[in-house]
Structure formats: structure tokens, C-alpha cells
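S.K.: Chains A and B, in that order, give the protein sequences. Residue 148 in the working numbering is what sits at position 148 of the first sequence, and the numbering runs on without skipping anything. Every number in the working numbering is 1000 more than the matching position in the second sequence, counting from 1.
Hint data in this document are derived by calculation from the structure and do not stem from the laboratory. Possibly wrong hints are sitting among the right ones.
As the list claims (entries may be wrong) - Some but not every residue of chain A turned toward chain B, in silico, with C-beta under 8 Å:
{"#": "1", "residue": "1"}
{"#": "2", "residue": "3"}
{"#": "3", "residue": "4"}
{"#": "4", "residue": "9"}
{"#": "5", "residue": "11"}
{"#": "6", "residue": "15"}
{"#": "7", "residue": "112"}
{"#": "8", "residue": "168"}
{"#": "9", "residue": "172"}
{"#": "10", "residue": "176"}
{"#": "11", "residue": "178"}
{"#": "12", "residue": "180"}
Unchecked claim - Here are the computed lysine-lysine pairs in the DSBU-like style, where the Cα-Cα straight-line distance is at most 30 Å:
{"#": "13", "chain 1": "A", "residue 1": "29", "chain 2": "A", "residue 2": "242"}
{"#": "14", "chain 1": "A", "residue 1": "3", "chain 2": "B", "residue 2": "1435"}
{"#": "15", "chain 1": "B", "residue 1": "1076", "chain 2": "A", "residue 2": "2"}
{"#": "16", "chain 1": "A", "residue 1": "2", "chain 2": "B", "residue 2": "1445"}
{"#": "17", "chain 1": "B", "residue 1": "1184", "chain 2": "A", "residue 2": "3"}
What you are looking at is a predicted structure, and each value in this text was computed from that prediction instead of being measured. Beta carbons: idealized from backbone N, C-alpha and C, even for Gly.
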Amino acid sequence: MKKFLSQLFLFCLPLVAVWVLVLNVSVSKEFSYNYIKDECEGAGQWLYSRMYLQDRPADIVFVGASRTMRAVDDSLLQHYYDSSGADLKILNAGFCRFGRDLFTLIAEDVLSTQTGMKTLVFEVNEREGSGNHPIYWTLAGTKDLLYPESFVNQSYFSNIYSGTLLRFDYLRGEWLSTQQPTRTSGKYFGCLHTDFIADQKDMDDAAAYCAKRKHWSPPGAWEEFQLGYNKAWIERLSNNCKARNVELIFLFLPQYGCSDCPPRELGFYQQFGNVLIPPTDILENRNNWSDHDHMNNSGSTAITKWLFDELQ
Amino acid sequence: MIFNSAAFVVFLVLIYAVYWMMSRKTARVQNIVLLVAGCWFYGVWDVRFLGLLIASGAADFFIAQQIEKSSAAKPKRWWMLLSLLINIGVLVYFKYLNFFAESFSDLMSLLGMQSGFVTETLILPLGISFYTFLKFGYILDVWRRQQKPETSPVNYFTFILFFPYMLSGPVERAGNMLPQLREKRTFSNPETSIALRIILWGYFKKVVIADRLAQVVDPVFSHSDSYSGSALAIGILLFHIQLYADFSGYSDIARGVAKLFGINIIDNFNRPFYATSLRKYWRQWHISVSTWFNQYVFSPLTIETRNWGSFGLYFSIVITFTTIGLWHGANWTFIIWGFLMGLLICGEQALPKKSKPGSAVSVVIVNLLIMYCLIWFKSDSIERAWRIQHTIFANWSGGIKIGSALSDVFVSTQFALVFFVALMVFLVGDAYSHKIIPSLSSKPKAVRWLGYYALIFLIAFLGVSMNAPAFVYFQF
Chain A
1 MKKFLSQLFL
11 FCLPLVAVWV
21 LVLNVSVSKE
31 FSYNYIKDEC
41 EGAGQWLYSR
51 MYLQDRPADI
61 VFVGASRTMR
71 AVDDSLLQHY
81 YDSSGADLKI
91 LNAGFCRFGR
101 DLFTLIAEDV
111 LSTQTGMKTL
121 VFEVNEREGS
131 GNHPIYWTLA
141 GTKDLLYPES
151 FVNQSYFSNI
161 YSGTLLRFDY
171 LRGEWLSTQQ
181 PTRTSGKYFG
191 CLHTDFIADQ
201 KDMDDAAAYC
211 AKRKHWSPPG
221 AWEEFQLGYN
231 KAWIERLSNN
241 CKARNVELIF
251 LFLPQYGCSD
261 CPPRELGFYQ
271 QFGNVLIPPT
281 DILENRNNWS
291 DHDHMNNSGS
301 TAITKWLFDE
311 LQ
Chain B
1001 MIFNSAAFVV
1011 FLVLIYAVYW
1021 MMSRKTARVQ
1031 NIVLLVAGCW
1041 FYGVWDVRFL
1051 GLLIASGAAD
1061 FFIAQQIEKS
1071 SAAKPKRWWM
1081 LLSLLINIGV
1091 LVYFKYLNFF
1101 AESFSDLMSL
1111 LGMQSGFVTE
1121 TLILPLGISF
1131 YTFLKFGYIL
1141 DVWRRQQKPE
1151 TSPVNYFTFI
1161 LFFPYMLSGP
1171 VERAGNMLPQ
1181 LREKRTFSNP
1191 ETSIALRIIL
1201 WGYFKKVVIA
1211 DRLAQVVDPV
1221 FSHSDSYSGS
1231 ALAIGILLFH
1241 IQLYADFSGY
1251 SDIARGVAKL
1261 FGINIIDNFN
1271 RPFYATSLRK
1281 YWRQWHISVS
1291 TWFNQYVFSP
1301 LTIETRNWGS
1311 FGLYFSIVIT
1321 FTTIGLWHGA
1331 NWTFIIWGFL
1341 MGLLICGEQA
1351 LPKKSKPGSA
1361 VSVVIVNLLI
1371 MYCLIWFKSD
1381 SIERAWRIQH
1391 TIFANWSGGI
1401 KIGSALSDVF
1411 VSTQFALVFF
1421 VALMVFLVGD
1431 AYSHKIIPSL
1441 SSKPKAVRWL
1451 GYYALIFLIA
1461 FLGVSMNAPA
1471 FVYFQF
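Let the sequences and hints guide you as you build the complete structure.
M.R.: See below:
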């Protein structure tokens, strides 16, 4: 058996070397954003087009999860700014599901592409999560995958595995010329619209859940340790914003029923920028929600109007 | 946990390490490791159905003992029938109940009546068709006195819960497995090397050939009404290759993995593309299941109908193949596929020997007939199958051409060329793999390793992908 194991070890050495080389391949942004074209109603592909292909740099950019995508009507906000005579371009660069790591990477791409940008508005919720975004590895560079803070992340190894597969796909595309060029989208705004009004039972359940106040229970030692992962991403984002002279603002977007208290990590966020907390009369109006997590058009109109006043 | 997933690779490495660390212990300890691995492997999918498998397995274990204890033929028969009732009952409940109820309702509504049956959504336990036949085959062997009942529950449950074959076969026989499980396995360097070669070849077939072809075949069949007859005909040809690469790839991985643990299981395929008759094809395709049906369905039927002359033989063939069709899935298309296959074999049987063509022509004819039957196998409804064959025979050029489906997958000439090379490696390699794999040991190490690296390269650059599809036969 020893002989077999030593042979196997020798056989695997070149494979490991190739794997290390592949993991170090730098994947193009176009490929990465196109890789997630089937996620989030094609938001990845659109974001690439909006950031890299359209000649319309944004001044105020919103980054966050689907709550941002639903709550911030960037075309309406643009209309408000245009009407006020301010020459500012607005972009909602939200992407579905939660994960501080992916949103920081999107925000960094925004910062590097939107020259002259003034403000980055970053979504925060009832409390900071400890997990990572399920498709973080699609945008993560090699260093990001191996990032020391990532050891706290429970998906560390699966992210490396998925990141390697992505790089195989990328190399295949490069060598076998299988990549299709991205078409420039004519769409400037990223808000998702719906007139649907939330189901009563869904809202009652959400309100009952929030009433238990579990969202604000202070983190235990283990959770505090895990929170180090997401907090490190926010610190990194803050440093990036400072380096580019961009103002970082946090926008509190809770689920329905959890609006009576500020975010649990309010003090932490305030170290890096202002935290905007929408008025409770908007958040508590059931007609403003399409489900307990997302605003509908009525809600996004109200939030956007309020945001315009706040950002002035 | 499917074979082409990272989770399975981690699982396999772990179990393999533990298993051989126990190599100084007894066969019983080795079997316990395999048994725990089997429970884990199945339980991660759905632990409730692991309970079902263990419960029905325990019933068969008990029944086999009772058959052995009974001295008279009648009680033996009753015990066997009880096992039949349990095994087929569970299979029918989960797999066929809705199908039978819907078919009965359709029949009633044709007659202007209402059946009153209400169907309910049931989860089909993974591998149920395979493990049901494995367990019931054991009972039949005990009943026919071809197999002594296993007295050790550990050996018996290791036999039914052996993870390499529990989800998609091969449908192993107690006569092959139990004697191996009773003996302690010792590590063999050459056998392990052969096992790894078989696994590598299996992965190549699955992820490089089958999964790529599926990307062409699936859109063609899911939008079959838009495609031309020529596109559908080529689609069927590609599906013919895909199905074989997929299932034989799975079987190779299963066989190689079993061999890693020092256990030899049946080789489920023997170059079926090169069969010169349909009967030979069925002796070379899905061998474990065709042997099972031959032994437990066809042979008893021919004995029962021996006084009917040729008609008895034809009747037995058609019934056997229709049952094989039904075994594949609860859909009329599978039943028609089996029935057609049975009719064609009867036709072949009836053909005078002198009128049979040469072997090359025979191979082509056999493959064409198989491909025709696959229209029914691949279609999700009788209407769709009917429309596909109508388009193939009546509308050869109208509609989307196959080039469109091919260019959606093989978007560049380079990609198409590399895949073509891989396809040739598959077709030629498969024809000789039974000779090549064992004989590689005598080749210089540099040659062997280069071959392995070449296959790994093809797997990595043509096969590796985030959304690896499951094996086709998992649905059965």
C-alpha cells in the first residue's frame, strides 16, 4: 500500500501544480458577470453592461441585496435630480440575496468604473449576517478566495472549489473561443418594479417573527467571531471609498415588522458613515410591500422620495 | 451525492482511508465500514427512505430464513409470494400507483365514466427499481435453492446497501456478492490501479461525452416540434451515444469504486454498439438487468408456455420486454419502447438464418432499430413520440436544422474539433477498453501516465462545469 500511495502522490503532484496555476488565473470581469447571467433576472450581465460598456458614469450608486433592488427606484430618483437641476447620475446596482462579500466586490467594481463618483449607498439590515453570498466566488479574485478573513467563512473550501471550476470554464472559453461578447444594454436603471401587494398572512407571520425581537439579541462569542468576516468586508469597503474620496452611506432596509429598532450593528456602521433609517410610516404601511422582504412600487416611490430629501 | 460531484470524491477518499486502515481487522469490520458508508451515502439524500430500504431489506432477510427453514414446497412459495408482495407493493406504490390511476381514469373517461381516483404527489425513492430487483432476486435465488440465505445481517445489509451500485445498479446477484463479503479483502496494488483506470474512463465517458451531447440533445427533444426531421434523426443518433456514454460511464465508475474496496461487481456493458443482432445487443447492454429478466421472467414464461409452440416463445419475448419497458418508468412511452423492442426481436427470431446480412450491415441495422425505439424512450408522451417519428419520415428538411443546436453548444471550430477528438477517443477506446485497461500495467509508466494525464486534461477542459447534470438512469 505504501508503494501505491507514494506512486499516487507522485502522480498527483503535477495535477496539484496545474490546479494552483489555474486558481491563480485572473478571470475577466466580463466573464465573471456573464457567468451569473441566469441569476437574479439577468442582473449580473446587465451590471457588467451598465458599469463597463455604457458611457454614463454614475454619481450616486446604491449597492445591496434584492431589498435595494426593490426599494430604490433609481429612474425616479434620477427624475428628481434632473428636475432639481442637479447634474447627477443615479444607479441602483443591487443584486439578489444577502452576502456582504459579493456586495463589496460589486461596490469595488462600481468605484473603479464610475469615475468621479460622489456617494456610495450600501444596504444594511436588521443585523449583520455571518454567512457569505452563495455566488461570491463568481466575482472573487484569487486573493479574495484565499483572503485571510475568509477562513471565518463556512463556505471557504467550497468557494475555492467553485472558483477553480469557474477558472476552468474561463480558460476553456479563452482557448476554445467559446465566449460570446456581451451586448450593451440600453437600460440605465436597476430597480425591479412590481405593483403586487403582499399577502396578509405573510405579513402577519413576519410581524410576529420580528415581535420576538430575536433580531436584536446581542451576538454570542461564536457569532461575534463569525461576524468578523462581514465586518472586515465593510472596513475594506470603507478604506476603498476613502482612497477614492467617495462618501459611504448606509441605508437601513429591514424586513416588514422589524422597523421599530435600528440595525443591531448601528454603532459599527456609524464608524464608517451615516446610517439612513427610513421613516416607520413608510416601512409599516403594508400597502408598500410586495412581500415581507421587498417593497412594491408604492413603497419604492415613498422610499425614493424620502431618499431624495435625505441625500440633498 | 452523485458520482460526478465534489462531495462524492471527498466521501470516497474518507471511506477508502477508513476501510483500508481496518484492513488488518476481519471481513466483518470491513463490511461494517461499507455498511455505514452505504447508510450515509443514501441517508444524505433522504433519511426517511433509508428507513424504508432497511425495513424492506429486514423483511427480506427474515423471509429468506423462513424459506430455508420450510421443508414443504407450499410454505416456501407463500414466503416467496410475501416477499413479492412487499417488494413489488413498495415499488408500485411509489413508482406506478399514480400512473395506473391516471391510465384507469383516462380509460374510464373514454368510456364516459368517472374513476373517482385522486392521485397524490409522491417522492420516488432514489434507486428503488434497482434495489427492489436486487433484494427480490436474492429471495428468488434462495427460493430456487440456488443461494443459501445469508445468516449474518451485516453481510446481508452490506450487500443491499453497497453504495457503488445502490442508486443505478448494476443489479448485482447475491451469488456474486455474498461470497466476496464473507471473505476478508486484502489490498492489491495492481487491482487498485485497474480500478482507478476504470473510474477515470467512466468519468471521461460521463462528463466529456454524455454531458456535452446532452446539451445538444435536450433542447432538440424539448422543442422537437421546431426541428426538422434530419435534426431529430441526428438528435436520436446523438442520444443513442449519450445514453450509452452516460450509463456505461456510471457503471464503470461503480465498478471501479467497488474494485477499490476489493470487490468485483458485474460489468454492465460489453460493447453493445457492435452487436450484430438485437438479441446480442440485449446480452451486451445493461447486462445485469437483462440477465435478471431473462432468468426470472423470460425463462419461467417460456417454460409455462412451452406447449404453445413458437407463439409461446414470441409471447414470452414480448411480455419480457414490455416488462423491461415498464421497469424503466411509469409512462406509456417506456411500455411502447419495450413492446416494440420485443416485437423486433420476435421478427429477428422469425427471420430465416440464410436471409441475415453480413456483420457490418447487421451492426448498422441493429443500431438503426435501436435508435428508432429510442424515440419512444426519450419522448415524454406518446403524442410527442408520434410527432417526432412523423417529422423524421415526412418532413426531413423543414424546420430548424441540427447545425443550430450544435452551434449553440460547440460555439467555435476549436471546441468542435477538440470534442470530435474526444468522441473518437471514446468510440475507439470503448471498443477496446476491455483489452486496453488490464493490459496497461505492462506498458512503461511514462506511456501510462501520459494517457491518464491526457484523459484528465480532456475531462477538465471539456467536462468540468458548475452545473454537472445527474446520470440519466437516476430517474429510474
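S.K.: Each hint should be assessed against the structure and marked as holding or not.
M.R.: Evaluated hints:
| no. | hint | result |
| --- | --- | --- |
| 1 | 1 | 5 Å, holds |
| 2 | 3 | 6 Å, holds |
| 3 | 4 | 5 Å, holds |
| 4 | 9 | 13 Å, violated |
| 5 | 11 | 7 Å, holds |
| 6 | 15 | 7 Å, holds |
| 7 | 112 | 26 Å, violated |
| 8 | 168 | 5 Å, holds |
| 9 | 172 | 5 Å, holds |
| 10 | 176 | 4 Å, holds |
| 11 | 178 | 5 Å, holds |
| 12 | 180 | 7 Å, holds |
| 13 | A:29 / A:242 | 23 Å, holds |
| 14 | A:3 / B:1435 | 25 Å, holds |
| 15 | B:1076 / A:2 | 51 Å, violated |
| 16 | A:2 / B:1445 | 18 Å, holds |
| 17 | B:1184 / A:3 | 21 Å, holds |
Hints 4, 7 and 15 from the earlier list are contradicted by this structure; the remaining hints agree with it.
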